[in-house]
Amino acid sequence: MPFYRSHILVCADPECLAKGAHDVVDALQDELVAQGLLDEIQVLETSRIGSCSDGPEMMVYPEGVHYVGMTADDVPFLVEEHFLKGRIVEKFREVHKAIVDEELGPLRPKEVRVVLRNCGEIDPMNIEDYLAVDGYQALGKVIGEMTPGQVIDEVTKSGLRGRGGAGFPAGRKWGLTRQVPGDIKYMVCNADEGDPGAFMNRRVLEGDPHSVIEGMIIGAYAVGASYGYIYCRAEYPLAVETLIVAIAQAREFGFLGNNILGTDFNFDLEVRVGAGAFVCGEETALMASIMGQRGEPRPRPPFPSVKGVWGKPSNNNNVETYANVPQIILKGADWYASMGTERSKGTKTFAVGGNVAKPGLIEVPMGITLREIIFDVAGGIKDGRTYKAVQTGGPMGGCLTEEHLDLPLDYEALTQAGSMMGSGGLVVMDDTSCMVDIARFFMDFTQAESCGKCTPCRVGTRRILELLQKICDGKGEHGDIEKLEELCHEVAKNSLCGLGQGAPNPVLSTLKHFRHEYEAHVYEKKCPAKVCRNLIHFEIQSPTCTGCMVCARNCPVEAISGERRQAHTIDINKCIRCGICMQVCNFNAVSVLS
Amino acid sequence: MYAPAVEREIKEVVQEAIEKHGCTRDAFIPILSEINHALGYIPAEAIREVKAQINQDGSFVSQGQLFGLASFYDMLSTQPRGRHVIKFCENAPCHVVGGKAIWDTLRETLSLENGETTPDKKWTLVTTSCIGLCSVGPVLLIDDDMYGNVTVEQLPEILGHYE
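Protein chains in written order, with our numbering: chain A, 1 to 594; chain B, 1001 to 1163.
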C-alpha cells in the first residue's frame, strides 16, 4: 500500500457536486500529476464535510485545513502554495463557521450509535477503513466458529426485529427461510427507503456500506443462500455508487464470491436500482421489480421465505436490520438485548425533521420516550414555538400528540397509540401546522403512490383525498367528516398490502386527536392554524405599516395599494394568499386571519 | 438538453442499453432507465425497437409489457419533457418548513401544473418522491442539480441559471 504524506478529501455531497466538486477533483488530479506529487498526495471523494453552502469544500490532512469556495481554476495556485511551498491559502480557508454536518453531527445527548457508528468516521469507498474498525471480523467468527443454527440462535436471542417498520423478529425470519427446502435461496436487502423524511438508510449506505454487506453475508451463511440483491432506490445515486464500489472491494478481498475465507461457502451480491415507485418498498412488490415486472404487491402467503425472488425461498430484511448484525455477533446477543424494552431491543435510527431546533439523523436506544427524542436529542421546538404533534411511521403512520410524549419507544406501544414504528421518519409539527392540511398532504402522497392493483386502495385513497381537499378548500358540508371516517375504515380493512392498509392512518389519527380542527374547517369555515388558503385572508395593520411599499412591489398580483409613507391595504378579491407580503414585510405589519 | 430523437439514434441507444444489461427479464427496467436517461423520455418507437431487438435474441417481451413498465415507474417518462426538468420535493418534511410557498410560486411564475411543460419546451415541472435531503429542506432538483434551503426570494436567481 503506498504511503501518502497528505490526503485531500473533497466533499461529494450533491450540493457540492452541483457547485463543481468534480471539476475541482479533476483539476487536483491534473495538477498533482503536473507537479509530480501523485505518489505523495491522495485525492479522495467523501461525504459531507461542512454545510456545503460555500462549496466545493475540501479537507486537507494531516493539517486538518478546511478549504471552501475554490473553482478548478484556483487549483494550480492552491497546490503550489499548500503542497509545494507549505503555506496555507487563507483566501479559501474556512475559519468563520464551525464545521457542521447538518444531517449527522457529533453524538448528541442520550444517543447510542450502533448502526451509525462508522458514518462520517471512515472512508466508505475504502474497505481497509472498515477493516480497521473490526470490519468483517464478525464474518470470520461466524464462518470459523459457528454453525448456521448458532448464528440464528444468537440473532434470535438478541431480540433484533425488522427495522423496516413491521418489526418481525429477524432471527425467526432467518430460521423460517433456512427450514424451507431448496437448493437455491436468495438474500434480499430492502434499500428502497421511500418514506418521506426518512433518510437513515441512505446515510448508512453512503457512509458504511460494508456493515450492510457483512450483515447480508452472515445472513446468507445462516439461511443457506447463495446469491443476494440489494434493491436500492434510484433517488439515491450516491448510495448506489458507494454500494457498487463496496461490493467490488469485498469481492476482491474474498468476502464475496466462491470459497469465502477459504471455506466451501459461496455467496455473491448485486445492486438492483429501482425506477421510482414507493410501493416497491413492500417486499412482494420489491421482488417483482427485481424480476423486471411492475412493482405490484401480491397477497401473502406464500411469504418470501417460502416463495420469493424467481420463485425461490428468499430472506428479505431492511438495511438497518442487516447493519446491526455484525455488532450483535461481535459483542454478543446479551449486549444488544441489554438495551430497550421487554419486546423491543437494541437501538433505532430516526430522521427527525419538521419544526425542531436540531433536525437530522439520530440513533437512540429503544425505550426512550418521544419527549426525550424531541426535546433532549432534537433540541426542542424551533423558534420557541409550541409542540403540537409528531408523525411517526411515515405516511402510513399516525400523528401523536402531547399526551403521547411519555410513551416509550417500543413497537407495540406505538401501534397501540394509533401510530407505528415505521422505518424511522419523525416529522415534528408546531402550532403553525394545520392537521387537516397535514392529513391531506399524506393522503396526496399515498394516493399518488398507490400501485392501482386493488380497488379499495386505488379508488378509496382518491376519494379520501377528494374529501380532504374539499374540507381544506372550505367547501366541507355536514356529514363529510363521518363519510371520511367510514371510508378510512373500509380502505384500511380491504386493501391488499401495507400501503393501502396504512394509508388512512394519518387521517384517522388526526381525526381522533384533532377533530375540532376538522369541525372548524367544515362548520365555521375557519382554519385554526391559519394555513388553508381559502379560509384565511391577509390584512395590513395600519398603525404598524410605514408605507415603505416593499409588499406592494413584491405582490405577484398587484393586490396591494397605497401611497408611499401611508398605510397600505390588500384587495381581498385580487389576493391569491401567497403570503409573500408577510414574508417581505420588515415591520411585521402584515397579519393572517381566519 | 434533449434534441428530438431521430430513428437512427433510437436504434443505437436501444442497442447500447441491451448490450450493457443483457436481454433477460430482469434487464428490462435497467434498459428502459438507460433509454430514458439518453433520450429524456421513452418514445413509442424506442419501445418497439426494444421489443424487436430482444425478441431477435430469442427472449420474449411484448410492447404492452414494456409500456406497462414505462408507465408504472415515476422516473420513466413516456412523454417528451422540457429542456430542464424541475423536480420539486413536496413531501412532509419539506412541506412543513415552507415548501408549499415555493411550490405555489413555481407554479405561478411558470404557469405550470404538476407534470406540465412550458410551450417553449424550456421547463417541465414535476414533484418528486422524497430524495432524502430533508435536513436542508425545502429541496428542489433542476436536472441533476440540487438546491436546498430554498426560499421564495431565491427562485428567480436559481431559475436564471438555466437557458
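FYI, nobody ran anything at the bench for these hints, they're computed from the structure. Computed from a predicted model, the values in this text were never measured in an experiment. A couple of the hints might just be wrong.
Here are the simulated DSBU-like pairs of lysine-lysine, each with C-alpha atoms no more than 30 Å apart in a straight line [unchecked claim]:
#: 1; chain 1: A; residue 1: Lys470; chain 2: B; residue 2: Lys1100
#: 2; chain 1: B; residue 1: Lys1100; chain 2: A; residue 2: Lys312
#: 3; chain 1: B; residue 1: Lys1020; chain 2: A; residue 2: Lys358
#: 4; chain 1: B; residue 1: Lys1051; chain 2: B; residue 2: Lys1011
#: 5; chain 1: A; residue 1: Lys526; chain 2: A; residue 2: Lys470
#: 6; chain 1: A; residue 1: Lys512; chain 2: A; residue 2: Lys483
#: 7; chain 1: B; residue 1: Lys1100; chain 2: A; residue 2: Lys483
#: 8; chain 1: A; residue 1: Lys312; chain 2: B; residue 2: Lys1011
#: 9; chain 1: A; residue 1: Lys483; chain 2: A; residue 2: Lys493
#: 10; chain 1: B; residue 1: Lys1122; chain 2: B; residue 2: Lys1011
#: 11; chain 1: A; residue 1: Lys382; chain 2: B; residue 2: Lys1100
#: 12; chain 1: A; residue 1: Lys475; chain 2: A; residue 2: Lys526
#: 13; chain 1: A; residue 1: Lys382; chain 2: A; residue 2: Lys530
#: 14; chain 1: A; residue 1: Lys110; chain 2: A; residue 2: Lys91
#: 15; chain 1: A; residue 1: Lys574; chain 2: B; residue 2: Lys1020
#: 16; chain 1: B; residue 1: Lys1051; chain 2: A; residue 2: Lys453
#: 17; chain 1: A; residue 1: Lys530; chain 2: A; residue 2: Lys358
#: 18; chain 1: B; residue 1: Lys1100; chain 2: A; residue 2: Lys525
#: 19; chain 1: B; residue 1: Lys1100; chain 2: A; residue 2: Lys526
#: 20; chain 1: A; residue 1: Lys475; chain 2: B; residue 2: Lys1100
#: 21; chain 1: A; residue 1: Lys110; chain 2: A; residue 2: Lys331
#: 22; chain 1: A; residue 1: Lys512; chain 2: B; residue 2: Lys1100
#: 23; chain 1: A; residue 1: Lys530; chain 2: B; residue 2: Lys1100
Each hint, compared with the structure:
1. With a C-alpha separation of about 18 Å, the suggested pairing of Lys470 of chain A with Lys1100 of chain B holds against the 30 Å cut-off.
2. This hinted pair does not check out: Lys1100 of chain B and Lys312 of chain A have alpha carbons roughly 45 Å apart, beyond 30 Å.
3. A distance of roughly 45 Å separates the Cα atoms of Lys1020 of chain B and Lys358 of chain A; the hinted pair therefore is violated under the 30 Å criterion.
4. For the proposed pair Lys1051 of chain B and Lys1011 of chain B, the alpha carbon gap of about 11 Å is at most 30 Å, so the pair holds.
5. Taking the CA atoms of Lys526 of chain A and Lys470 of chain A, the gap is about 13 Å. The hint holds against a cut of 30 Å.
6. Straight-line distance between C-alpha atoms of Lys512 of chain A and Lys483 of chain A comes to about 14 Å, which keeps the hinted pair within the 30 Å bound.
7. Distance restraint check for Lys1100 of chain B and Lys483 of chain A: the Cα-Cα separation of roughly 28 Å lies within the 30 Å cut-off, and the hinted pair is therefore satisfied.
8. Distance check on the hinted pair: Lys312 of chain A and Lys1011 of chain B sit about 36 Å apart at the alpha-carbon level, beyond 30 Å; violated.
9. The hinted pair formed by Lys483 of chain A and Lys493 of chain A meets the criterion: a straight-line CA distance of about 16 Å does not exceed 30 Å.
10. Taken as a hint, the Lys1122 of chain B and Lys1011 of chain B pair is honoured in the structure, with Cα atoms around 26 Å apart against an allowance of 30 Å.
11. Taking the CA atoms of Lys382 of chain A and Lys1100 of chain B, the gap is about 19 Å. The hint holds against a cut of 30 Å.
12. This hinted pair checks out: Lys475 of chain A and Lys526 of chain A have alpha carbons roughly 11 Å apart, not beyond 30 Å.
13. Restraint check for Lys382 of chain A and Lys530 of chain A: satisfied, since their Cα atoms lie roughly 18 Å apart, inside the 30 Å limit.
14. Proximity of Lys110 of chain A to Lys91 of chain A is assessed by CA-CA distance (about 39 Å); at most 30 Å being required, the pair is judged violated.
15. In summary, the hint linking Lys574 of chain A to Lys1020 of chain B is not supported, as the alpha carbons are separated by about 56 Å, beyond the 30 Å threshold.
16. As the CA atoms of Lys1051 of chain B and Lys453 of chain A are separated by approximately 25 Å, the hinted pair is consistent with the 30 Å bound.
17. With a CA separation close to 25 Å, the supplied pair Lys530 of chain A and Lys358 of chain A stays within the 30 Å bound.
18. Between Lys1100 of chain B and Lys525 of chain A the CA atoms are separated by roughly 21 Å; this keeps the pair inside 30 Å, and the hint holds.
19. Under the criterion of a C-alpha separation no larger than 30 Å, the hint pairing Lys1100 of chain B with Lys526 of chain A is consistent with the structure, at around 19 Å.
20. Under the criterion of a C-alpha separation no larger than 30 Å, the hint pairing Lys475 of chain A with Lys1100 of chain B is consistent with the structure, at around 21 Å.
21. With a C-alpha separation of about 21 Å, the suggested pair Lys110 of chain A and Lys331 of chain A falls inside the 30 Å cut-off, and the hint holds.
22. Of the supplied pair hints, the one linking Lys512 of chain A and Lys1100 of chain B holds, its CA atoms being roughly 25 Å apart against a limit of 30 Å.
23. A hinted pair counts as satisfied when its Cα atoms are at most 30 Å apart, and Lys530 of chain A with Lys1100 of chain B qualifies at roughly 14 Å.
The structure does not agree with the numbered hints 2, 3, 8, 14, 15 stated previously, though it agrees with the rest.
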